Each structure stands twice: as structure tokens, then as C-alpha cells.
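Please take these sequences and the hints and turn them into a complete structure.
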Amino acid sequence: MDEAGSPKKLPLDALWRARTSKFGDFAGYDMPLQFEGLIPEHMWTRQHAGLFDVSHMGPCFFALPKGHGLEGEHAHKKIASLIERLVPADIQGLKPGQVRYTMITNADGGVLDDLMIARPAEPGAAGDLYIVVNAGCKHQDWALIEDATKGEANLVRADDRCLLALQGPKAREVAAAVIDPALAEMSFMSVKRYDAFGRLTVTRSGYTGEDGYEILVRAEHATELANALLAHAEVKPVGLGARDSLRLEAGLCLYGHDLDPTTSPIEADLAWTIQKRRREAADFPGAKRILREYELGAPRKRVGIRPNDRAPAREGVEIVKDGKTIGIVTSGGFSPVLNGPISMGYVDAAYAEPGTGLELMIRGQARAATVTPLPFVPHQYHRPKKGA
Amino acid sequence: MTTRYTKDHEWVRLDGDIATIGISKYAAEQLGDVVYAELPAAGKSFGQGDDMAVVESAKTASDVYAPLSGEIVEGNAAIAGENWQIINDEPEAGGWFVKLKVANKSEFEALMDEAAYVDYVKGL
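Here the protein sequences line up with chains Y and W, keeping their order. 0 is the number of the first residue of the first sequence in numbering that gives the first Met the number 0; add one for each residue after it. 0 is the number of the first residue of the second sequence in numbering that gives the first Met the number 0; add one for each residue after it.
Please keep in mind that the hints were generated in silico from the structure rather than gathered at the bench. Fair warning: there could be bad hints in the mix.
Cβ-Cβ distance ranges computed for the label pairs, FRET-style [said to hold, decoys possible]:
(1) W:14 with Y:226: 50 to 58 Å
(2) W:123 with Y:377: 35 to 43 Å
(3) W:81 with Y:377: 22 to 30 Å
(4) W:118 with Y:184: 55 to 63 Å
(5) Y:151 with W:123: 46 to 54 Å
Below, a list of computed lysine-lysine pairs in the DSS-like style, where the Cα atoms sit at most 30 Å apart [claimed, not checked]:
(6) W:121 with Y:21
(7) Y:235 with W:24
(8) W:6 with Y:21
(9) Y:7 with W:121
Which residues of chain Y face chain W? A partial, calculated answer using Cβ under 10 Å [said to hold, decoys possible]:
(10) 32
(11) 37
(12) 41
(13) 240
(14) 309
(15) 310
(16) 334
(17) 339
(18) 340
Note that the coordinates shown come from a computational prediction; the quantities given were computed from them, not determined experimentally. Even for Gly, the Cβ is constructed at its ideal location relative to N, Cα and C.
Given below as C-alpha cells:
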């Protein structure tokens, strides 16, 4: 929000307004919610390529101070050790050009935000990290990072730039044609800089379950890039509405809904984000609870749920078994691909096994539903064959 | 036949003491593709403004309020049969929700006529 309390305009505001009038305030930004329609935009992304403006998010660079005197691996280990004070992932172990999904945890083992941390591929950028946090948490996160690492590193916000996500099975072809042929060869969860449209920082990642890219571009080059992408026959603009249904089908968490300061990464079924080195060191905020739950299991678990009939079960719906409340829906809606309702929620661990029958209390009526493996729709990430 | 509207975007047409009720074209457009709807059973009574039905799009769930007090005599079989597309295709015709036997016809006269509703929507 600005001082008057009205939401901030995106650098590409005019470009989107020429294509839709459906905007909404999201984390203090006036964001395009919908273009052609939520379902057609969703299906277009699954079959072609959708272009999303996610410039409300919090990209930043976190770097050792100038003249740090460290080189290569040493510089990386130093900057990584600083950010590891806040997150449970093995950041020191990142290879050049590798991206990891992780969480900022609190002393009680709850999640304060989920985020991406990337180690730049370029040798000249040793000692830098590229970090993208959630829109609604960015001010909190940046303050936490600065407080925990005062004087040891510098955090440079990049949220005056544009962050565009290109997602879908045609994203690879489009990105290679419009930006650089080398984008086709990037593997999932990698990062690279490109000298095109000014200078781009590109990660092969996304929030839809599809192959795709998230592209950080300076505001003065953003219109040119967005227009070049939109000029491709396989690309259409997609709003935040379809972004939510896409991530839900992909079983991905939305912070503030599926994750919050009381939820642990283990409850959220994100144990895979805490690598062995960190589990052994037990040196991250909330390690006591998180590692206990890692060993013994959490009392509740995030699961996928499919209602047996057609009524969507949205956030806040109570989950019941044999007349007893056993959990709550944290995200729910309609899946265009499955042509039916889907939900995610937390249930007591005893009821987390796929196939378990339970009931959803929708408008005072108990309706049958079934625990379902996540994701609802298979991920289509680009992972080249690994040697080891 | 006169169609009247509520501020919550229901429409009503009165034939004798039977009101046909649905959601306006504007409401259907705002909602987007309907993916679920729930109608009240025949015989159920509602006061004016009570929650009467539910309509959901991919985006959101919306309550449909009884624009008049009365008793449900019939639900739209197409909607009950899960043909929700009809709500988007013909919101103010084949996509009607329910027929209601009205208790108090003066409630109908107090609703907005089409011209007033068009003005109302323009101001939103």
C-alpha cells in the first residue's frame, strides 16, 4: 500500500488494463485477477503457455559485502551459512545455478514463509544468493534476514522490477524463441542470467505444476519482454484466479492458508525440503520440534481430499470422521482438469492414508470425501536424466 | 411480464402468486463458469432475504437470497440435474433457480424494475 492506502500499480499496469478490467488488491498491489475466464486460462496454461505477472512477490539479492575477499566455493559457503540461520534447507550444498525451495521457520518450528533460494551460476556472482519470498510476507522476511545477519551481508530488494512467470508445456519452446535458445536446456530448479531485454535472471520453476520459467526483468524492459512473449501464438495472459486453481491441482501450498506460523514443515508434508546435513546439525529455528516430528511423525498431516459429490469444500470447512472433528480444509475449489471439486487440508495423522473415507461439513451438512494423493494433476517438470 | 431485481442480483418474475427466481445476467457474468449449485427442496419456506440457494464458480461460492417470502413449489430440474452451464448460458430464462409461492405480493412491487437495476449495476 502507498501512504493513501490504495494498492500499488504494477509496472505493467497499462499493458494488463488494455486486456482486462478484472483487478483486485492482493498484498497491497492492484493485480490482474482474470482475463478470458478462470477455467479457459487454467486449461490454456495446462495445454499451451500462460503468462503471469507476479511482480507483487519479493525477489531480492543477498550478498556478502564488497571486498569480502572470498572466492568461489568459500564465498558461497559463507553467504549460505548466513541464510541457513533462518531456513532448514542445505543452502551451502547448492551447486552453482541450483535453486532450492525452503521455509523460514520460527523457534516453535512453525512456518513464517516459504521461499526459493538460488545460487547464481556465474562465477563472478560467488557470494550472492537470489531469493524470492511471498508478496504478503516480504517486509517481515527481509527484516528477519537483515536482523539475523546484521553487518555480515547486504540485502538488496528487487521488487521494483517485474517478475513474470511463463508456465505450460509450450513455455520451453516460447522462451527459447523469444529470449535465448539456451533456456530450453535449463533443468528444473536451476537459475541463470541472460543478456536479453536488459539483463534477466531466469529460474526454471513455477507454481502451476507445469514446466516453465520465472523471469526477473527490469521495469524499463518489462513491457518489451511481455509484448514479445504475448506476441507468440502459444501465449495468453493468465490472472491470479487461475494461478490459484493451477497450484491447488499441483498440490502446492499457499502461504497463509496451507502454511502458517503454527504449521511445521513435517505436518505440511515438506520433510523432503530438509536435507540430511541440516537434520544432523539440528541448527535451524524450531529444529527441536521439526526433528522430533521428522523421526516420530507429526500429529497431523496435510493431505489431498476429493469430495465424493460435486460440492466444493473451501477453506475453513471442518473435516469429520465418525462424528468427531479430525481436521480442517485449508484450500479448496474446483479442478478444471478433473472437472470436479478438490481440497487440501490437515487431518489427524491416523486418517492421512490415501483412500481413507471422511466427511466434510459443508453448510451444516456432512458430505462424503476421500483422502487422495497429491498432486491431483501430475507435475510436468523438466528434469534431464541424472548421472548419479 | 415485469422482471424485478434485488441489490443482491436476484431477478423475479411474478405470474399470479408464483414467482420465478434466478440470478441476473450481471451476476452470472461476475461469477464466471458455474461449477456447482444447490437448490432448496419443494415445500421449504423462506423469509425475504433468507439464504435460499448456493451457486459456485471456480472462483467463489455465493449465497442466493430469497427475494420474496414464500414457499418453494419447484426447483429447476436442469440445475438439479447438474446442467449448471444453463445458468451462464441463459441466466434470466432457462437458468432460473426456483419457483416460489409468494406470501406477500407487495414485496414484489418494492423491488427494482429493470431500468432501476441497470442504473444500480452501472454504479457498482
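Each hint tested on the structure:
1. W:14 with Y:226: 50 to 58 Å: Holds, since residue 14 (chain W) and residue 226 (chain Y) (Cβ atoms, about 54 Å apart) stay within the stated range.
2. W:123 with Y:377: 35 to 43 Å: Holds: the Cβ-Cβ distance is about 41 Å, inside 35 to 43 Å.
3. W:81 with Y:377: 22 to 30 Å: Holds, since residue 81 (chain W) and residue 377 (chain Y) (Cβ atoms, about 27 Å apart) stay within the stated range.
4. W:118 with Y:184: 55 to 63 Å: 59 Å, holds
5. Y:151 with W:123: 46 to 54 Å: For residue 123 (chain W) against residue 151 (chain Y), whose Cβ atoms are near 53 Å apart, the range 46 to 54 Å holds.
6. W:121 with Y:21: At roughly 15 Å apart (the allowed maximum being 30 Å), residue 21 (chain Y) and residue 121 (chain W) satisfy the hint.
7. Y:235 with W:24: 26 Å, holds
8. W:6 with Y:21: 21 Å, holds
9. Y:7 with W:121: Status holds; Cα separation ~25 Å.
10. 32: 8 Å, holds
11. 37: 5 Å, holds
12. 41: 8 Å, holds
13. 240: Holds, because the Cβ-Cβ distance from residue 240 (chain Y) to chain W comes to roughly 6 Å (cut-off 10 Å).
14. 309: Status holds, d = 5 Å.
15. 310: 6 Å, holds
16. 334: Holds, because the Cβ-Cβ distance from residue 334 (chain Y) to chain W comes to roughly 9 Å (cut-off 10 Å).
17. 339: Residue 339 (chain Y) check passes; min Cβ-Cβ to chain W is 8 Å, inside 10 Å.
18. 340: 7 Å, holds
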